[in-house]
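Engineer: One letter stands for each residue in the lines below.
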Amino acid sequence: MSTALTTPNDAPAVADRADASPAVRIAGVHKSFGRPGTAVPVLDDITLDVAPGEFLCLLGASGCGKSTLLNLVAGLDQPTAGSIEVPGGRPALMFQEHALFPWLTAGKNIELALRLNGVPRAERKPEAERLLELVRLGGSYGKRVHELSGGMRQRVAMARALAQGSSVLLMDEPFAALDAITRDVLHEEITRIWQERRLTVLFVTHNVREAVRLAQRVVLLSSRPGRVAREWQIDLPQPRRIESACVADLSVEITEHLRGEIRRHGQH
Amino acid sequence: MASTETAPAAPEAPATPEAAPHQDLAGVEAGLDALDAVQPHRTSPAQLLREKVLPPVLGVLLVLGVWQLLFSLHVTPEYKLPSPLDVWHSLTDLWYQGTLFSIIWTSVWRGITGFAAAVVIGTPIGLLVARVKFVRAALGPVLSGLQSLPSVAWVPAAVIWLGIDDQAMYAVILLGAVPSIANGLVSGIDQVPPLFLRAGRTLGARGLGGARHILLPAALPGYLAGLKQGWAFSWRSLMAAELIASSPDLGLGLGRYLENQRDASDMSGVLLGIILILTVGVAIDLLIFTPIERRVLRSRGLLQTGR
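Line by line, the protein sequences are chains A and B. Counting along the first sequence from 1, when you hit position 10 you're at 10 in our numbering, and nothing is skipped either side. Counting along the second sequence from 1, when you hit position 181 you're at 181 in our numbering, and nothing is skipped either side.
Simulated from the structure, these hints should not be mistaken for laboratory data. Be aware that one or more of the hints could be misleading.
Stretches of chain B that chain A covers, calculated by requiring three or more beta carbons in the stretch to come under 8 angstroms of a beta carbon on chain A [claimed, not checked]:
(1) 152-165
(2) 210-220
Far from chain A, some chain B residues (derived; all Cβ distances over 10 angstroms) [what the hints assert, rightly or not]:
(3) TRP105
(4) GLY145
(5) SER148
(6) ALA264
(7) MET267
(8) LEU286
Pairwise CB distance ranges, derived in the manner of DEER restraints [what the hints assert, rightly or not]:
(9) ILE262(A) - GLY301(B): 52 to 60 angstroms
(10) ALA34(B) - GLN78(A): 40 to 48 angstroms
(11) ARG198(A) - LEU49(B): 24 to 32 angstroms
(12) GLN78(A) - PRO194(B): 55 to 63 angstroms
(13) GLN78(A) - GLY301(B): 32 to 40 angstroms
Nothing here was measured: the structure is a model prediction, and the numbers come from that model. Quick reminder that beta carbons are idealized off the backbone N, C-alpha and C, glycines included.
Let the sequences and hints guide you as you build the complete structure.
Structural biologist: Here you go:
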């Protein structure tokens, strides 16, 4: 494990040393859909290691297969070739939609995740309340999903994902459907929780500024098929502001490369 | 392989001089939550009375008024259209004879036990049809077809197979209600958003656990709609069967009462029979199914506020 574990209040260091085994290892992954012969390749030779405690953003335009890749890492689908290892066990996954179950209260949604994770009955309720505290929804245990605002729902979804007990959190454009003010606040939330809980986050987005705001490393995928095109290491300290000049400068640069990738598709 | 670039590091972090401490964030978040929170809406008793109770009462009064008017104008001879009061007297006659409740209960008991049996049989059939491809291909069209077949059509067959007794009554109820219940469950399951199933799988709910924690609760609204329709079909089939099949073994139910009054050319008795059948059907729907359905839908935010 990374030495950052022993120094609280610091952002976890990127464990790029050779001896640190990755939290997610994606090796030579190909994925195509359809029958052999007419199969459409979606992912082409993706190789990517995510270090423990790293916050990595996968960035790309439509058709780059970023959600497909996340599904593969989550174990919801199998790669056509190559291998994916998540040594810490089944990772937690958050979607663009909150995906909370409307027949359960906020608290019970979290308790269901705890239960399916094998947490004994007596510990579920206190743990669910702790997780709600963590996302600052302490008083919302008994609230129904439809009684919560969009931002609150995504925070409950975050708490439910954490209840799965995995240190690897996969996020599939989780804030894309939120208004800008709420999204900004949730960026700070996820940064805080990532630091507090020393999570490994694999975050998919098509929003360049969001990627630069959040990530320690941004990986740009090309489209059809998805390939790793380029990556940036971002050493700006957290918490960053999405409006800040540093974030803007780097966003401009990355956007240029993203547009370059997109332009290639208009040339034939 | 990918090229790796390092963004210009900002050692003294000049870009984030006002980086909000987390305490401030908590305040902003609490404010947003308060602004965005959905206000629960409660209807006052007066509003409830005005919007829920008054309109149907007025509707019934209107029907009674038109009826009385037609009677007073002597549109048809009295033996064809008795007055509301005549029907009321038929009701009080039954009451004083002490047979009113036994007639109603004979039919209601049959209806309820038959319906319960239909739930026990229809639910596993629905689950199998919804989840097993081969069973769906084989039984799906049969179930849909049976649903559109009026189950009265089974009465002659049931009487020949089972004789004129309670068994034949139950057979007709089952044939009417089982397809509705099974089909309701199938469409309930078909309408479960795939996102819930994906979310369930990432949480580790697979197989039986997945069915119990995700699939069945998600399908509950469709299932309830199927139960409701199943009850309506049970009740209708039962009344038809009681009307057609006549035997002293069967006892006096509402359908038989109706047919007896027709034999006796007692039009106010016939109208009373119709009204009682209607009332029982509506009462069971209003007292049992509607509250359950509303509770389920309300808890999921599927009912508009004020409804």
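Engineer: A separate judgement is required for each hint: does it hold in the structure or not?
Structural biologist: Cross-check of the supplied hints:
For the region 152-165 of chain B, the proposed coverage by chain A is not satisfied: 0 residues have a C-beta within less than 8 angstroms of a C-beta in that chain, short of the threshold of three. Residues of the region 210-220 of chain B lying with their CB closer than 8 angstroms to a CB of chain A number 5, which satisfies the three-residue condition for coverage. Distance check on TRP105(B): its Cβ is at least 36 angstroms (rounded) from any Cβ of chain A, clearing the 10 angstroms threshold; non-interface status holds. The beta carbon of GLY145(B) is kept farther than 10 angstroms from every beta carbon of chain A, the shortest such distance being approximately 32 angstroms.
Distance check on SER148(B): its Cβ is at least 31 angstroms (rounded) from any Cβ of chain A, clearing the 10 angstroms threshold; non-interface status holds. With a least CB separation of 53 angstroms from chain A, ALA264(B) remains clear of the 10 angstroms interface cut-off, as annotated. No Cβ of chain A comes within 10 angstroms of the Cβ of MET267(B); the nearest lies about 50 angstroms off, and the non-interface call holds. For LEU286(B), the non-interface assignment is confirmed: its Cβ lies about 24 angstroms from the closest Cβ of chain A, beyond the 10 angstroms cut-off.
For ILE262(A) and GLY301(B), the hinted distance range of 52 to 60 angstroms is not satisfied, since their beta carbons lie about 39 angstroms from each other. A hinted range of 40 to 48 angstroms for the beta carbons of ALA34(B) and GLN78(A) is consistent with their spacing of about 45 angstroms. At about 59 angstroms, the beta-carbon gap between ARG198(A) and LEU49(B) misses the expected band of 24 to 32 angstroms. Taken as a hint, the range 55 to 63 angstroms is violated for the pair GLN78(A) and PRO194(B), whose Cβ atoms sit roughly 18 angstroms apart.
In this structure the hint that GLN78(A) and GLY301(B) lie 32 to 40 angstroms apart at CB holds, the actual value being about 36 angstroms.
In summary, the structure is inconsistent with hints 1, 9, 11 and 12 from the numbered list given earlier, while agreeing with the others.
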